[in-house]
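**Q** So the chains spell out like this:
2 protein chains.
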Amino acid sequence: MTLHPADRIDRALADTGSIACVGLDPRPELIPPALRRAALQRHGDTAAAFAEAVVAYNLGLLDAVVGRCAAVKPQVACYEAYGSAGWRALEETVAAARERGIAVVFDGKRNDIGSTATHYAQGAFGGAPGLDGAVVGGLGCAWLTVNGYLGADGIEPFLAPDAASSEHGVFVLVRTSNPSAGDLQDQASGAGTVADRMAALVAGWGGGRRGGCGLSDVGAVVGATWPEQARALRSAMPDTLFLVPGYGAQGGSAADAVAGRRSVGAGHPGLLVNSSRQILGAWQQHGADDWAGAARRALDVMNGELAAALR
Amino acid sequence: MTLHPADRIDRALADTGSIACVGLDPRPELIPPALRRAALQRHGDTAAAFAEAVVAYNLGLLDAVVGRCAAVKPQVACYEAYGSAGWRALEETVAAARERGIAVVFDGKRNDIGSTATHYAQGAFGGAPGLDGAVVGGLGCAWLTVNGYLGADGIEPFLAPDAASSEHGVFVLVRTSNPSAGDLQDQASGAGTVADRMAALVAGWGGGRRGGCGLSDVGAVVGATWPEQARALRSAMPDTLFLVPGYGAQGGSAADAVAGRRSVGAGHPGLLVNSSRQILGAWQQHGADDWAGAARRALDVMNGELAAALR
Numbered sequence: 008m009t010l011h012p013a014d015r016i017d018r019a020l021a022d023t024g025s026i027a028c029v030g031l032d033p034r035p036e037l038i039p040p041a042l043r044r045a046a047l048q049r050h051g052d053t054a055a056a057f058a059e060a061v062v063a064y065n066l067g068l069l070d071a072v073v074g075r076c077a078a079v080k081p082q083v084a085c086y087e088a089y090g091s092a093g094w095r096a097l098e099e100t101v102a103a104a105r106e107r108g109i110a111v112v113f114d115g116k117r118n119d120i121g122s123t124a125t126h127y128a129q130g131a132f133g134g135a136p137g138l139d140g141a142v143v144g145g146l147g148c149a150w151l152t153v154n155g156y157l158g159a160d161g162i163e164p165f166l167a168p169d170a171a172s173s174e175h176g177v178f179v180l181v182r183t184s185n186p187s188a189g190d191l192q193d194q195a196s197g198a199g200t201v202a203d204r205m206a207a208l209v210a211g212w213g214g215g216r217r218g219g220c221g222l223s224d225v226g227a228v229v230g231a232t233w234p235e236q237a238r239a240l241r242s243a244m245p246d247t248l249f250l251v252p253g254y255g256a257q258g259g260s261a262a263d264a265v266a267g268r269r270s271v272g273a274g275h276p277g278l279l280v281n282s283s284r285q286i287l288g289a290w291q292q293h294g295a296d297d298w299a300g301a302a303r304r305a306l307d308v309m310n311g312e313l314a315a316a317l318r
Numbered sequence: 008m009t010l011h012p013a014d015r016i017d018r019a020l021a022d023t024g025s026i027a028c029v030g031l032d033p034r035p036e037l038i039p040p041a042l043r044r045a046a047l048q049r050h051g052d053t054a055a056a057f058a059e060a061v062v063a064y065n066l067g068l069l070d071a072v073v074g075r076c077a078a079v080k081p082q083v084a085c086y087e088a089y090g091s092a093g094w095r096a097l098e099e100t101v102a103a104a105r106e107r108g109i110a111v112v113f114d115g116k117r118n119d120i121g122s123t124a125t126h127y128a129q130g131a132f133g134g135a136p137g138l139d140g141a142v143v144g145g146l147g148c149a150w151l152t153v154n155g156y157l158g159a160d161g162i163e164p165f166l167a168p169d170a171a172s173s174e175h176g177v178f179v180l181v182r183t184s185n186p187s188a189g190d191l192q193d194q195a196s197g198a199g200t201v202a203d204r205m206a207a208l209v210a211g212w213g214g215g216r217r218g219g220c221g222l223s224d225v226g227a228v229v230g231a232t233w234p235e236q237a238r239a240l241r242s243a244m245p246d247t248l249f250l251v252p253g254y255g256a257q258g259g260s261a262a263d264a265v266a267g268r269r270s271v272g273a274g275h276p277g278l279l280v281n282s283s284r285q286i287l288g289a290w291q292q293h294g295a296d297d298w299a300g301a302a303r304r305a306l307d308v309m310n311g312e313l314a315a316a317l318r
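Line by line, the protein sequences are chains U and A. For the first sequence, my numbering begins at 8 and goes up steadily by one. For the second sequence, my numbering begins at 8 and goes up steadily by one.
Chain U extracted, bound-state conformation (with noise of 0.2 Å):
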């Protein structure tokens, strides 16, 4: 059965009440002590140590978060970093993520000209040709994180022919939560910025791309740490599902990561807000021993927080 991606978020908030994305950023201090020392018994200091902590941990993880978020989100940088061994680790944790059901955002942020970009997408979603025709590999993902700088036709390969057979979504990189976000996107360019050129050609990519929600598949990373853009956006992408990282952690509030959403009353609100180590680095705070209660804790009080910021 095909769903709409954007649709799968939408389901998502009728079921949990949360537009919550839970991002799984592994570092080895954000991985408990014991996770670690088993880790380390067994493989030394090496990446395949790292990967086998990073998986316990992530399972937790998923078993403590299933049922109070919208979606997953692991920053493949934090598991490319040690290699094939950080990709087995990924690929676990992605399975582990589809089997209870929840959408995973794929945060690489790829980009690249139409034959290759058709590799990334093979890799992050459906899988790949083999040697003799078969479908090998692919990771299985709802979304992909990608940049737009290439125009149209770095992003048409991510997509289906059309909003009916859609299972996977983009979203395109608009004004990102960096310090120096403004070095391109808020220079000057016709009647607004670049970060304006680039809502409007993601307008433009998902028109006509509506799931039954309303939301394209073609969606947008904005950040939380500029409210007033994420408005002024919202109105250049009435249908944009908004990626919105920066909560928390970042800096950004929930009323900034909020400050983006459709009008009242349009349904979901559009938005899909991102925490990672403020939900991953709970224990630090609360004991290590319950890490995966302190992590369900902190969602929930992300959850409340955005659902106050919402009403």
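Misleading hints may appear alongside valid ones.
Pairwise CB distance ranges (calculated) [said to hold, decoys possible]:
1) Pro168(A) x Ala295(U): 32 to 38 Å
2) Gly67(U) x Asp139(A): 17 to 23 Å
3) Arg44(A) x Asp296(U): 51 to 57 Å
4) Asp22(U) x Pro40(A): 47 to 53 Å
5) Ala198(U) x Ser242(A): 27 to 33 Å
Hints are computed from structural coordinates only; laboratory data are not their basis. Even for Gly, the Cβ is constructed at its ideal location relative to N, Cα and C.
With the hints as your guide, set chain A onto chain U.
**A** Just chain A now, kept in the frame of chain U:
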């Protein structure tokens, strides 16, 4: 011994007479039938079979091109499409290139905010922190392609503190070779275009980061399909090494590929010209029995054409 990454490319020109970069972009149909059959017999039609055939092919290619090119450039998407198995093939390929003394350009067009960009740098260059503080993994590539849409703090994590300690460089996408590159890159911004603005950023980021050859470790990707733009971009980036894709199979001629050269007499022409399919797939026109010889001869032809165009 620290060797600035631009000086490494300059030394390769002195040693080999070549400014060519051989793109290692494995696709099933480019792998010679005998290698495909052997891998299928051992592994069936799986990602593991693809990976084994790719490693066999790449190792033969590296032996064929060593001493005849300035660098090799694995297109990471082609490996990543096959998940951790593809990443193992990438690791073996890069290790084999390093054993042969060939500089490797990791073509991943990576990009993210600062702390996350650091992870990408760790994976492509020198390794990441293990669970107990050891440095693990790290491909040991010399260069990495990056997308500069996030501005300075998405670039700096890839760079050493200064030119004297630099061993790794980046190529920032400025003007790409794909048909829709102009969707954003050709849009007006200030006195020029978005690509011009990116060029100014690249020149600024590379300021004071030159090696002995006069080129900085912040390079630029400038597609061979746009020679007039390449000439204009050279004025904006006089000390920048251009990575030029689009030569050969993508339609750019040798004259197009060298359009963005530095002025004659400046030493290194400031160009690293990539060809992938024309070299990897040369056996398809000249017979699969001597696929390595076909690749070597195709590279020799390319080197001759580039040398003539530079004269």
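**Q** Hints first: check each against the structure and report whether it holds.
**A** Evaluated hints:
1. Pro168(A) x Ala295(U): 32 to 38 Å: Cβ of Pro168(A) to Cβ of Ala295(U): about 35 Å, so the range 32 to 38 Å holds.
2. Gly67(U) x Asp139(A): 17 to 23 Å: Holds, at about 21 Å.
3. Arg44(A) x Asp296(U): 51 to 57 Å: 55 Å, holds
4. Asp22(U) x Pro40(A): 47 to 53 Å: Once the Cβ atoms are compared, 50 Å apart, the range 47 to 53 Å for Pro40(A) and Asp22(U) holds.
5. Ala198(U) x Ser242(A): 27 to 33 Å: 28 Å, holds
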